[in-house]
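S.K.: Now for the letters of each chain:
4 protein chains.
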Amino acid sequence: MTNVLDKGFIELLEVFGDDLTVVNAARVSFAKQSDEMNSKDEKLIEYLASHHHITPFFHPQLRFRIKMPIYVAREWFRHGIGFARNEVSRRYVDTVPECYNPTDIRERDQHVKQGSKCTNIEENELVSQRIRDIQNELIEKYKNLLELNVAPELARGILPQSMYTEFIETGSLSAYARLCNLRLDPHAQYEIRQYAQALSDLIEPKFPVSWASLTK
Amino acid sequence: MTNVLDKGFIELLEVFGDDLTVVNAARVSFAKQSDEMNSKDEKLIEYLASHHHITPFFHPQLRFRIKMPIYVAREWFRHGIGFARNEVSRRYVDTVPECYNPTDIRERDQHVKQGSKCTNIEENELVSQRIRDIQNELIEKYKNLLELNVAPELARGILPQSMYTEFIETGSLSAYARLCNLRLDPHAQYEIRQYAQALSDLIEPKFPVSWASLTK
Amino acid sequence: MTNVLDKGFIELLEVFGDDLTVVNAARVSFAKQSDEMNSKDEKLIEYLASHHHITPFFHPQLRFRIKMPIYVAREWFRHGIGFARNEVSRRYVDTVPECYNPTDIRERDQHVKQGSKCTNIEENELVSQRIRDIQNELIEKYKNLLELNVAPELARGILPQSMYTEFIETGSLSAYARLCNLRLDPHAQYEIRQYAQALSDLIEPKFPVSWASLTK
Amino acid sequence: MTNVLDKGFIELLEVFGDDLTVVNAARVSFAKQSDEMNSKDEKLIEYLASHHHITPFFHPQLRFRIKMPIYVAREWFRHGIGFARNEVSRRYVDTVPECYNPTDIRERDQHVKQGSKCTNIEENELVSQRIRDIQNELIEKYKNLLELNVAPELARGILPQSMYTEFIETGSLSAYARLCNLRLDPHAQYEIRQYAQALSDLIEPKFPVSWASLTK
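Chains as they are written, first to last, in my numbering: chain A, 28 to 243; chain B, 28 to 243; chain C, 28 to 243; chain D, 28 to 243.
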């Protein structure tokens with residue numbers, strides 16, 4: 028389990044296949060098969076990845092348990108093809124929520140397509156504390172709504188988008204490579220890059236040749 | 028454009044195909060074609076739908092512009108297969124947000140799988156007003172964070188999940204039928220049912236035979 | 028490995044997950060988890076399947092090696108969503124092909140939507156032998172084209188559609204259930220039903236509760 | 028309708044959207060909209076395509092009627108994501124089939140991954156005629172099987188893989204760009220390249236900016 032941000036994590040639950048799965052899916056075209064990875068197999072994987080022959084990379088699968096802030100999850104879930112997901116529902120769950128409280132409050136970048144600068148605002152500590160106060164206050168107000176017998180599916184409406192959510196996700200190696208390539212880009216938001224990096228670090232040892240080829 | 032909830036809407040932008048598209052996609056199996064719907068074609072559509080031969084219903088497409096609260100959108104987006112979506116991003120947009128403020132505050136149902144009762148809580152008006160106050164306060168605090176030069180991608184973290192978002196969505200007739208069948212179910216949350224109903228009412232006149240067959 | 032038809036087979040290569048995977052994907056909605064299947068879990072699976080809540084069934088995956096006649100594979104491959112496939116290519120492979128030679132030559136059914144009767148034609152043996160002769164002759168002519176230096180990608184054009192092909196396929200439990208439900212139907216062609224049955228028999232012991240619920 | 032090979036064709040049936048559809052799907056992120064394409068919109072499309080931001084290209088759709096040889100269709104259908112297809116079925120149709128008869132019989136290339144040389148074999152005309160004879164003979168034998176009351180679903184087993192099939196296909200602009208990029212590659216088989224080129228020529232005038240950006 029890799030901790031991400033202040034209270035999030037990514038946990039690799041199960042892996043289906045390895046580099047050899049990719050090789051043998053590709054070699055079936057030639058009615059051949061490898062029993063063990065060799066240097067020819069490595070070259071094959073590199074060739075497949077660099078020529079966008081991605082179907083062999085659809086066969087391996089990975090399953091994760093992930094906890095991330097809702098506004099990060101909303102970007103993460105835009106990657107739909109090749110993924111299965113089931114998520115905690117605040118229609119049914121009314122435990123005390125947790126929120127992401129950043130300690131580095133990044134400045135706005137004047138260039139709108141760039142989400143933020145890498146420098147913090149002047150009143151960094153003060154604002155970080157203020158955000159925590161707002162979050163705590165909202166959690167108190169949420170509890171209060173529940174005490175007044177408000178249905179959780181409505182009460183959740185006041186909870187902030189920095190609230191953590193949790194989900195189980197199964198995806199193909201190909202789908203994860205595409206996600207990481209887009210979300211490790213320096214234009215991606217800092218928070219989602221931390222998750223993409225943690226994911227990449229968990230996948231790499233399981234598919235060393237494929238992952239190097241797909242993400243370079 | 029159909030208004031939904033207090034500030035949301037569904038607008039049908041464009042339609043691709045009609046009932047005849049379904050018929051001719053199916054009739055290609057028999058190397059046949061219809062130029063105009065007749066009663067045989069209607070029976071064919073009913074047969075296809077009732078026997079789960081859904082591929083002909085993948086060909087027609089519809090495009091919508093939709094404005095809905097984030098916590099509703101998060102359920103809506105669980106429907107991924109057969110949909111394309113692009114959504115407003117609060118990394119780039121920092122206009123004053125709008126929130127869903129329910130006037131009927133439904134009671135919790137003791138049965139957890141049922142999200143709410145159809146009756147309102149006792150202090151209905153008071154709580155509705157309190158929710159509005161919380162939302163307005165959060166919007167003020169959000170503006171204040173922006174004034175302190177906080178990057179919008181971080182400032183959005185305090186905005187509530189009842190905030191409205193907007194997106195453009197293209198989906199196949201088959202995908203919309205599946206969405207509506209699940210989200211018009213009485214177990215679905217009241218708010219998402221309003222959107223599913225508005226959607227269904229917009230689709231029905233464009234595909235009268237197919238829609239009746241797919242959603243019965 | 029299960030033999031199917033005269034020279035085909037289905038081999039289960041690898042399984043990803045079990046009934047508990049389905050249960051825990053579903054229970055994440057309630058922030059719960061099971062460590063071992065119990066009777067509540069079984070009821071949950073039945074509830075999910077009967078209410079078309081299929082997302083938890085997307086997480087488990089299975090991988091097969093399959094050898095089937097081309098005209099059967101062409102129907103099989105119509106099932107695309109949730110599957111990854113890599114197939115032998117006769118652009119690259121020019122070994123002697125094998126063909127499906129039916130020994131029961133079913134009669135035409137007068138009802139066109141029914142592909143065949145379950146009775147054989149009168150001259151059953153004679154025609155079965157004739158089909159084998161045609162297949163063998165074509166294989167000889169194919170070899171002859173190769174001797175004349177014709178590119179395999181063109182020479183294959185004379186090979187019959189009853190020729191066997193081989194492929195590796197990864198699919199989700201949900202995708203296989205949908206395939207089997209459609210292809211075990213008595214309206215499906217006899218040959219594809221044999222493959223669907225063999226598949227179903229291989230999946231059932233790995234996911235006893237889910238498979239029973241999804242295919243009833 | 029564009030003729031392809033000796034008896035095939037691609038016919039563009041209907042188009043859903045234009046370059047502006049792509050622009051407005053992308054601009055929704057910034058809560059903006061264009062009413063008419065301008066030079067900024069063109070640059071946006073180029074930016075999206077070159078940075079692999081492909082979701083806006085999922086919204087436009089095209090529908091085609093296509094007639095191609097079975098062995099070409101089998102490669103074509105490997106492109107599954109983003110496509111809907113319905114095809115003529117020889118379980119139900121027993122009209123006289125047509126076959127692709129190449130007049131240029133390309134030589135085998137010694138490099139196995141290259142399907143053929145661009146030069147013809149020595150006995151080009153003779154072999155082209157021989158292939159036609161084999162095809163005609165098979166069609167006669169097929170008719171004969173039907174006369175003996177063999178079910179069409181079995182009789183089709185002797186028909187050659189160069190037989191033409193016909194289908195209706197709906198795909199997203201993004202899916203067609205991916206198909207064309209792979210199938211216009213000089214390593215792709217000559218026959219499929221003809222279809223990819225015809226397709227590209229039909230799409231280009233409908234989405235001039237997007238198509239240029241996606242296929243360069």
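Calculated directly from the structure, the hints in this document are not laboratory data.
Glycine residues also receive a C-beta, built at the ideal position from the N, C-alpha and C atoms.
Among the hints, a few may not be true.
Below, a list of computed lysine-lysine pairs in the DSS-like style, where the Cα atoms sit at most 30 Å apart [stated by the list, open to error]:
(1) B:Lys170 with A:Lys140
(2) C:Lys34 with A:Lys233
(3) A:Lys233 with A:Lys70
(4) B:Lys59 with A:Lys170
(5) A:Lys59 with C:Lys170
(6) A:Lys59 with C:Lys70
(7) A:Lys168 with C:Lys168
(8) C:Lys243 with C:Lys59
(9) D:Lys59 with D:Lys70
Residues from chain B that keep clear of chain C, each with C-beta distances beyond 12 Å, as calculated [what the hints assert, rightly or not]:
(10) Asp62
(11) Thr82
(12) His106
(13) Thr146
(14) Asp212
(15) Gln221
(16) Gln224
(17) Leu229
S.K.: Hints first: check each against the structure and report whether it holds.
M.R.: Structure-based check of all given hints:
1. B:Lys170 with A:Lys140: holds (20 Å)
2. C:Lys34 with A:Lys233: Roughly 36 Å separates the two Cα atoms, so the pair is violated.
3. A:Lys233 with A:Lys70: Status holds; Cα separation ~18 Å.
4. B:Lys59 with A:Lys170: violated (63 Å)
5. A:Lys59 with C:Lys170: Holds, because 21 Å separates the two Cα atoms, which is no more than 30 Å.
6. A:Lys59 with C:Lys70: Roughly 44 Å between the alpha carbons, so the hint for Lys59 (chain A) and Lys70 (chain C) is violated.
7. A:Lys168 with C:Lys168: Roughly 81 Å separates the two Cα atoms, so the pair is violated.
8. C:Lys243 with C:Lys59: Holds - the C-alpha atoms of Lys59 (chain C) and Lys243 (chain C) are around 27 Å apart, at most 30 Å.
9. D:Lys59 with D:Lys70: With Cα atoms ~16 Å apart, Lys59 (chain D) and Lys70 (chain D) stay inside 30 Å; holds.
10. Asp62: Given that every Cβ of chain C is farther than 12 Å from that of Asp62 (chain B), nearest at about 21 Å, it holds.
11. Thr82: violated (7 Å)
12. His106: violated (10 Å)
13. Thr146: Holds, because the least Cβ-Cβ distance between Thr146 (chain B) and chain C comes to about 24 Å, which exceeds 12 Å.
14. Asp212: violated (8 Å)
15. Gln221: Gln221 (chain B) clear of chain C: closest Cβ-Cβ about 21 Å, beyond 12 Å.
16. Gln224: holds (19 Å)
17. Leu229: Nearest chain C Cβ is 23 Å from Leu229 (chain B), so the label holds.
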